[in-house]
Amino acid sequence: MKSKQILLIALGVIAIGVVIAYLQYNKPHREAADEQAAFSLSANELFNDFQTDETSSNAKYLNKIIEITGVVIEVTQPSPENLTVMLETGNEPFVIACEISPGQVPNPLPTPGDQVIVKGICTGYTMDVVLVRCSIKNQ
Amino acid sequence: MKKLSFLAFVLISQLAFAQKYFTREGHVSFFSKTDVEDIDAHNYKASTVLDMGTGAVEVAILLKAFEFKKALMQEHFNENYVESDKYPKAVLKAKVSGFDAGQLGKNGSHPVTVIGDFNLHGVNKPVNIPATIEVKDGKLMVNAILMVKPADYNINIPKVVENNISKEIKVTVQLTLEELKR
Numbered sequence: 001m002k003s004k005q006i007l008l009i010a011l012g013v014i015a016i017g018v019v020i021a022y023l024q025y026n027k028p029h030r031e032a033a034d035e036q037a038a039f040s041l042s043a044n045e046l047f048n049d050f051q052t053d054e055t056s057s058n059a060k061y062l063n064k065i066i067e068i069t070g071v072v073i074e075v076t077q078p079s080p081e082n083l084t085v086m087l088e089t090g091n092e093p094f095v096i097a098c099e100i101s102p103g104q105v106p107n108p109l110p111t112p113g114d115q116v117i118v119k120g121i122c123t124g125y126t127m128d129v130v131l132v133r134c135s136i137k138n139q
Numbered sequence: 001m002k003k004l005s006f007l008a009f010v011l012i013s014q015l016a017f018a019q020k021y022f023t024r025e026g027h028v029s030f031f032s033k034t035d036v037e038d039i040d041a042h043n044y045k046a047s048t049v050l051d052m053g054t055g056a057v058e059v060a061i062l063l064k065a066f067e068f069k070k071a072l073m074q075e076h077f078n079e080n081y082v083e084s085d086k087y088p089k090a091v092l093k094a095k096v097s098g099f100d101a102g103q104l105g106k107n108g109s110h111p112v113t114v115i116g117d118f119n120l121h122g123v124n125k126p127v128n129i130p131a132t133i134e135v136k137d138g139k140l141m142v143n144a145i146l147m148v149k150p151a152d153y154n155i156n157i158p159k160v161v162e163n164n165i166s167k168e169i170k171v172t173v174q175l176t177l178e179e180l181k182r
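Line order of the protein sequences matches chains A and B. Under our numbering, read the first sequence as residues 1 to 139, first letter to last. Under our numbering, read the second sequence as residues 1 to 182, first letter to last.
These are calculated hints, taken from the structure and not from any lab test. Among the hints, a few may not be true.
[Said to hold, decoys possible] Here are the in silico distance ranges between beta carbons for each label pair:
no. : chain 1 : residue 1 : chain 2 : residue 2 : range
1   : A       : Leu23     : B       : Ser29     : 26 to 34 Å
2   : B       : Lys167    : A       : Glu92     : 43 to 51 Å
3   : A       : Ala59     : B       : Val123    : 44 to 52 Å
4   : A       : Pro80     : B       : Lys70     : 18 to 26 Å
5   : A       : Ala21     : B       : Phe9      : 46 to 54 Å
6   : A       : Ala21     : B       : Ala18     : 50 to 58 Å
7   : B       : Glu75     : A       : Leu11     : 27 to 35 Å
8   : A       : Glu92     : B       : Thr113    : 40 to 48 Å
9   : B       : Thr132    : A       : Leu11     : 52 to 60 Å
10  : A       : Leu11     : B       : Ser29     : 17 to 25 Å
11  : A       : Ala33     : B       : Leu104    : 38 to 46 Å
Glycine included, C-beta positions come from ideal geometry on N, C-alpha and C.
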């Protein structure tokens, strides 16, 4: 009787472990739309921060949810599942490049000149500042 | 004072009058194949500038902009392997040989060699990458494959997942460079 109980408990623990491992393995991607923005600023301000001091801006913004207001300069689709909205920075030809999350693609698509608010995860600075997993709405 | 990133400087520098080709949406992907599992990840934001006057090329890749199918793998890649909070980007600084401005005018494919340094995870390594540049209607389509050994860049793969990740990762680079108009 006793050994049967132990066996049942052991099986229960293993089953819970398997479920947790499975959920963890299949956990969803982080989405900017699900979180509060840590910073809210204009495209120009974000770009200027990175251009002035990349190291301290990395410390401040990397991996953070940032809400950007700006004007669309270009919309591209480098792959079928990857829509990117470029925002003006006041420093041509450099942009804030925002990859829109597959679940957040707006209909109709934004067009150049639109005033928008984008929320995304900051990944850093090359010559542009790149945000991923973004949501977007018109201002 | 404003400081331009090196890449930005190369792109907009007026010192050299040579033609510059660039993209902000280069496609870099990597693929790891083992008996246990195949892992691939894609990045569509590799910034690249090629100076036709000197043959100098620079590619900057933000590691946090790699998309994996599994969020968990993406997290492990960033937090445990490439440590992207500490080292947010990988940078290739190199020279292209086997291609010059004289070949820009006519469509055609050219084998080239890209020789320089690749910096990843804070480690700088010399690289010699065979590539092709195809001139197509004024654009340059660049294709290259680079084999990267994580161990060379002090990227430690824990024992538990040692067999899940290939000892040598195949990195594929596809760029469409356009002339910078100014």
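Kindly confirm whether 18 to 26 Å is satisfied by the beta carbon distance between A:Pro80 and B:Lys70.
About 20 Å separates the Cβ atoms of A:Pro80 and B:Lys70, which means 18 to 26 Å holds.
C-beta pair B:Lys167, A:Glu92: status relative to the range 43 to 51 Å that was hinted
With Cβ atoms ~44 Å apart, the hint holds.
Do A:Ala21 and B:Ala18 keep their Cβ atoms within the hinted range of 50 to 58 Å?
Hint holds: Cβ distance 56 Å, inside 50 to 58 Å.
Using the beta carbons of B:Thr132 and A:Leu11, state whether their distance is inside 52 to 60 Å or not.
holds, 57 Å
Is 38 to 46 Å right for how far apart the beta carbons of A:Ala33 and B:Leu104 are?
holds, 44 Å
How does the Cβ-Cβ distance of A:Leu23 and B:Ser29 compare with 26 to 34 Å: does it lie in that range?
holds, 27 Å
Range agreement (Cβ of B:Ser29 with Cβ of A:Leu11, hint 17 to 25 Å):
With a Cβ separation near 42 Å, A:Leu11 and B:Ser29 fall outside 17 to 25 Å, so the hint is violated.
Confirm or reject the claim that A:Ala59 and B:Val123 have a C-beta distance inside 44 to 52 Å.
Between A:Ala59 and B:Val123, where Cβ atoms are some 21 Å apart, the hint is violated.
Hint check for B:Thr113 and A:Glu92 - Cβ pair distance inside 40 to 48 Å
violated, 33 Å
So the hint says 27 to 35 Å: do the beta-carbon atoms of B:Glu75 and A:Leu11 match that?
Given about 30 Å between the Cβ atoms, the range holds.
Would you say the C-beta atoms of A:Ala21 and B:Phe9 sit inside 46 to 54 Å of each other?
holds, 48 Å
The structure does not agree with the numbered hints 3, 8, 10 stated previously, though it agrees with the rest.
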